[in-house]
Amino acid sequence: MLGTVLQLLLNGLAVGCIYGLVALGFVLIYKATELVNFAQGDLMMLGAFTCYMFTVWYGIGYWPAFALSVAIIGLFGAALDRIILRRVIGQPQFAAVMLTIGLGAMFRSFASMAWGSEIYTLPTPFSAQQSLVAGVSVSHEYLSIIAGTVILCAVLYAFFTHTKLGVAMQAASQNQLAAYYMGIPVKLVFSLIWAISAGVAAIAGVLLAPVSLIDTNLGFIGLKAFAAAVLGGFGSIPGALAGGLTIGLIELFSGAYLPEGFKDVAAYVVLLIVLVLRPQGMFGTVGRKRV
Amino acid sequence: MANAILSVTNLETSYGPILAIRGVSFTVAEGSIVTILGANGAGKTTILKTVSGVMDPQKGTVDFAGREIQRMDPDRIMRLGLSHVPEGREVFPFLTVKDNLNMGAFIRRDTEGIARDLEMVYGYFPVLKERADQRAGQLSGGEQQMLAISRALMSRPKMMLLDEPSLGLSPKLVRDIFEIILRINRERGVSVLLVEQNANMALKTADYGYVLEVGRVVMEDSCARLLEKDDIKEFYLGMKSTSIRGTRRWKKKKTWR
Ligand SMILES: Nc1ncnc2c1ncn2[C@@H]1O[C@H](COP(=O)(O)OP(=O)(O)OP(=O)(O)O)[C@@H](O)[C@H]1O
Ligand SMILES: [Mg+2]
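So the sequence lines, in the order shown, correspond to chains W and S.
Sequential numbering of the first sequence, starting at 1, is according to this note's numbering.
Sequential numbering of the second sequence, starting at 292, is according to this note's numbering.
So that you can see chain W by itself, here it is in the shape it has in the complex:
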């Protein structure tokens, strides 16, 4: 009994980490450009496929493939900003929303053209390995997700608070005009934020791949991650992570203990309740930021 609960807790946290990472990408881009990137989940999918391609088709090994795919998707994110999305900033929100939804659809059809519509499994150094912790068998694949998320968050936190470029990214997100007055190259900074968001999505995809399967619809996880971002009070980074973990845990536990069918809606029910009680989300602040 206790064993099952611990198992669910671990798996729920792992899935929640993935939601949290994708949600973090939503929030970073939104804070900087006030634009919601609905293609975030599909960037994650591209990351997983790219890593699979390098690992299995080209056989370059898991870790180099991991690094390479994150770099490629990160660059791709920056290019998206440079070439396409920068142009719709300042236009009505609907334009940007439609554009990113359309981009997501294009990424999915690109993926099926490039990699086919089969379902792949990504082999990793920790595939099919388990440890026995306190009588519970713990799969290394799930552990790797949690460890990867913790490390990534620590690195991002250090970068955003302790490096000049990181602080400048915060500054440009908080007050674009003042950032120009400081001589901060705001447009370049926004492209870098896109690169980070896309790179984080790719990391999430690669971490998720071993426990899920890779197919072109992997990106629909983005919808739950979006719910996580809203739950955390869209605009708060700790909120995005907390929202992700909450939704991951709710999903796993409701899948195990509630009747069939609740698993997929439980997250949205909780979102609904939280938004009714606390419209600004768990971590949101009342009142909008100015710019």
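Just so you know, not all the hints are guaranteed correct.
Stated by the list, open to error - As a list, the in silico EDC-like pairs of lysine to aspartate or glutamate whose alpha-carbon atoms are at most 20 Å apart:
(1) W:Lys164 - S:Glu403
(2) S:Lys495 - S:Glu525
(3) W:Lys164 - S:Asp401
(4) S:Lys524 - S:Asp498
(5) S:Lys389 - S:Asp424
(6) W:Lys164 - S:Asp424
(7) S:Lys449 - S:Asp364
(8) S:Lys449 - S:Glu478
(9) W:Lys164 - S:Glu478
(10) W:Lys164 - S:Asp366
(11) S:Lys495 - S:Glu511
(12) W:Lys187 - S:Glu511
(13) W:Lys187 - S:Asp347
(14) S:Lys449 - S:Asp366
(15) W:Lys187 - S:Asp366
(16) S:Lys420 - S:Asp467
Unchecked claim - Have a look at the derived ranges for each label pair, beta carbon to beta carbon:
(17) S:Leu473 - W:Leu188: 52 to 62 Å
(18) W:Leu188 - S:Thr352: 26 to 36 Å
(19) S:Val505 - W:Ala154: 54 to 64 Å
Worth flagging that the hints you see were computed from the coordinates, not collected in a lab.
Think of the CB as a built atom: it goes at the ideal place given N, C-alpha and C, for glycine as much as any other residue.
Please arrange chain S with the ligands on chain W, whose structure you already have, making use of the hints.
Showing chain S with the ligands alone in chain W's frame:
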């Protein structure tokens, strides 16, 4: 006049179809403080934004330290040594006071010089040192103004543009801020272009002044002489209440043209 560090010639700037600046010319001598006075909507902020590159002019030239800078990007202009303290402070609300100041030095690489300048601005405004680790959004309006001025100083500018530094401050704080502006100018040789509603303080602090009316310069002179003029006394110094000032001045305006 001595060497001009900034000279603006026949500047015209518009917001869409609305022409806000209609052919303005002025100069700022190196090392001096120049003020631009004018009622609400006269176009003072627009002039500063055009000079610092946030807005592009339709016509005219802006010369800074021997280079034409009109239509340059704002970050390039600031790298040339022109630092803008915008109307309404525009601090980074969720960064600490110290990080705000460090962002002022974003374009610099000399860590030691930055540390020394940090101590210098803490010397001008000790309250900023006490609040160094607090978020800037939690400062009072006056403290945010001190922060905005200090942040602009952190880039080691040759010249500062100050847009209504006294806005919303108590009389005591206004005097303090102007005294520091004077000290910054005298001690560090920073030229200053000062835009103000508080004509009394501005004319006592600055060396030379321009009066702006609906996008045009209608009067210019040394501040000592401007303080003696009847028009100035009546419309900028005599009346403390802003609400009647606008209408009264409107009637008299024609005599100035
Ligand atoms: N964003 C804008 N869009 C359209 N018109 C504007 C805009 N900003 C200012 N204006 C107009 O341009 C003119 C000059 O405005 P500006 O802000 O330069 O005045 P100001 O002298 O700084 O006034 P204040 O003392 O109130 O700050 C005004 O008539 C104003 O209505
Ligand atoms: Mg103004």
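Outcome of range test on Cβ distance (S:Val505, W:Ala154; 54 to 64 Å): Since the Cβ atoms of S:Val505 and W:Ala154 sit about 57 Å apart, the hinted range of 54 to 64 Å holds.
Straight-line alpha-carbon gap S:Lys495 to S:Glu525, limit 20 Å: Given pair S:Lys495, S:Glu525 holds - Cα atoms ~16 Å apart, limit 20 Å.
20 Å limit on alpha-carbon distance, applied to hinted pair W:Lys164 and S:Asp401: Distance ~13 Å between W:Lys164 and S:Asp401 Cα, so the pair holds.
Satisfaction of hint between S:Asp347 and W:Lys187, Cα-Cα up to 20 Å: Judged against 20 Å, a Cα distance of about 18 Å means the pair holds.
Agreement of W:Lys164 and S:Glu478 with the hint, judged by alpha carbon distance not exceeding 20 Å: 29 Å, violated
Proposed proximity, S:Asp366 with W:Lys187 (alpha carbon, max 20 Å): 11 Å, holds
Pairwise hint evaluation, S:Asp366 against S:Lys449, where the allowed Cα distance is 20 Å at most: Status holds; Cα separation ~15 Å.
Distance restraint between S:Lys524 and S:Asp498, which requires alpha-carbon spacing of 20 Å or less: 17 Å, holds
Pairwise hint evaluation, S:Glu511 against W:Lys187, where the allowed Cα distance is 20 Å at most: 40 Å, violated
Pair hint outcome, S:Lys495 versus S:Glu511 [Cα-Cα no greater than 20 Å]: Holds, at roughly 15 Å.
Restraint status (C-alpha distance of W:Lys164 to S:Glu403 at most 20 Å): 15 Å, holds
Proposed proximity, S:Asp467 with S:Lys420 (alpha carbon, max 20 Å): Holds, at roughly 17 Å.
When each numbered hint is compared with the structure, violations occur for hints 9, 12 and 17.
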